[in-house]
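There are 2 protein chains.
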Amino acid sequence: MTTPRKISSNAARRSEASRRAILTAAFDLVHEVGYAKLSIEGIAARAGVGKQTIYRWWPSKGTVLFDAFLMLSDEPDGEAALPDTGDLEADLKTVLRATVAELNDPRYDEPLRALNTEIAHDPELAAAYVERLDGPMKELKKQRLRGAQRAGQLAKDLDLDVAVEMLWGPLLNRWLQRSGPLTPEYADTIVETALNGLLPRR
Amino acid sequence: MTTPRKISSNAARRSEASRRAILTAAFDLVHEVGYAKLSIEGIAARAGVGKQTIYRWWPSKGTVLFDAFLMLSDEPDGEAALPDTGDLEADLKTVLRATVAELNDPRYDEPLRALNTEIAHDPELAAAYVERLDGPMKELKKQRLRGAQRAGQLAKDLDLDVAVEMLWGPLLNRWLQRSGPLTPEYADTIVETALNGLLPRR
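These protein sequence lines are chains A and B, in that order. Note that the first sequence covers residues 170 to 371 in this note's numbering. Note that the second sequence covers residues 170 to 371 in this note's numbering.
If you're looking for bench data, these hints aren't it; they were derived computationally from the structure. A couple of the hints might just be wrong.
Any copy will do: because identical chains look the same in the list, a pair fits if it lies in one copy or spans two.
No farther apart than 25 Å at their CA atoms in a straight line, the calculated lysine to any residue pairs in the SDA-like style are these [as the list claims (entries may be wrong)]:
1. Lys-325 - Gly-349
2. Lys-325 - Glu-287
3. Lys-325 - Arg-282
4. Lys-311 - Ser-208
5. Lys-220 - Ala-205
6. Lys-310 - Ile-209
7. Lys-307 - Pro-369
Quantities reported herein were computed from a predicted structural model and do not represent experimental measurements.
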């Protein structure tokens, strides 16, 4: 005989399976048809659920996509500390090259553009993004820089938020505006220029 | 008696007046109703022209908005050389503070977000943006940096494209993602951090 507890735990499992199916469908579809043509109907059909199931949990396609990214970042290898070999410049180049590779990956390009677009136009979603996705990632980046700063490898009075934005900002911007080639060499130049600064070093 | 030449010059004048009315209407409307609700019908009604007049010249509302920005940048004070007082740090702070003020101006905020969104999703428009709007502005910024570089105030081997992206990228990114406050002090910190670099200076 099934106890009420068991029923509700089965329901929770079914519910979690639907949730994952919906988020995976949203992520795959935005890549296949583009964000403009992404619809709640389309996501429901692909995930094999009713439209109402989606509307019960999410008010818009933008929030579905946001949770899809959140699910990806919750995966075991989604959020890890930055490499720390002791060579800050080499480690930063490794990480920025990985960012370049991700931005150039056709599987991520359209979903990431869609997410950025929604954030640009929706202050509430932007706040959720800063708090739940960008914030935790930024903290990992700052941890690596903080370690280097303590070891005397970075300027003592450096604002670590600004340091992170100086390393990743140009890259994200060039990708979003398609204003130049996004290559591993560009990632390296960003790291070298940010570390050394624009002024002459003697 | 009106000569054919006069007729066609009158027609050109009328046509130019319609063009300016359409572009001004698009710019004002996107600020008033938001980009999502901006429509060719709405622009036509506000500009006092027929819908077909707009479709004859522009394929989409994104291209209308792009030309509206182009018109703004063609105005006498739209594109000027960067200040050159001899003090590079002070001049860059002046210019970045002006950028902050523009991004915080409610009149520009929504139209600029819309333009960035369209660019992010439309490679053709992105190419036009790089060639006709961003490119010329970037050239003015590079001119100022080139002068400083020749005077020995900047590193000899500095990549000026990367330098410009390092100064303006973090700012645009913070604005677009709403990831932090956009203040004059932030503009100053960006300039100081970019000039000095993240490494300790001795």
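Alpha-carbon proximity between Lys-307 and Pro-369, which holds within one copy, between copies, both or neither at 25 Å: This pair counts as between: shortest inter-copy Cα distance 22 Å, intra-copy 29 Å.
Give the relationship of Lys-220 and Ala-205 under a CA distance limit of 25 Å: within one copy only, between copies only, both, or neither. both (18 Å within a copy, 23 Å between copies)
At 25 Å max between alpha carbons, let me know whether Lys-325 reaches Arg-282 within a copy, between copies, both or neither. Classified as neither: same-chain Cα gap 36 Å, cross-chain 36 Å, threshold 25 Å.
How would you label the pair Lys-311, Ser-208 (within, between, both, or neither) given a Cα cut-off of 25 Å? The answer is neither: 37 Å in one copy and 43 Å across copies each exceed 25 Å.
Within a copy, between copies, both or neither: where do Lys-310 and Ile-209 come within 25 Å Cα-Cα? neither (35 Å within a copy, 44 Å between copies)
Have a look at Lys-325 and Glu-287 and pick one of within, between, both or neither, based on CA distance no larger than 25 Å. Answer is neither: 37 Å inside a copy and 41 Å across each miss the 25 Å cutoff.
Please work out whether the CA atoms of Lys-325 and Gly-349 approach to 25 Å or closer within one copy, between two copies, in both situations, or in neither? Between copies only: 22 Å across, 33 Å inside.
In summary, the structure is inconsistent with hints 2, 3, 4, 6 from the numbered list given earlier, while agreeing with the others.
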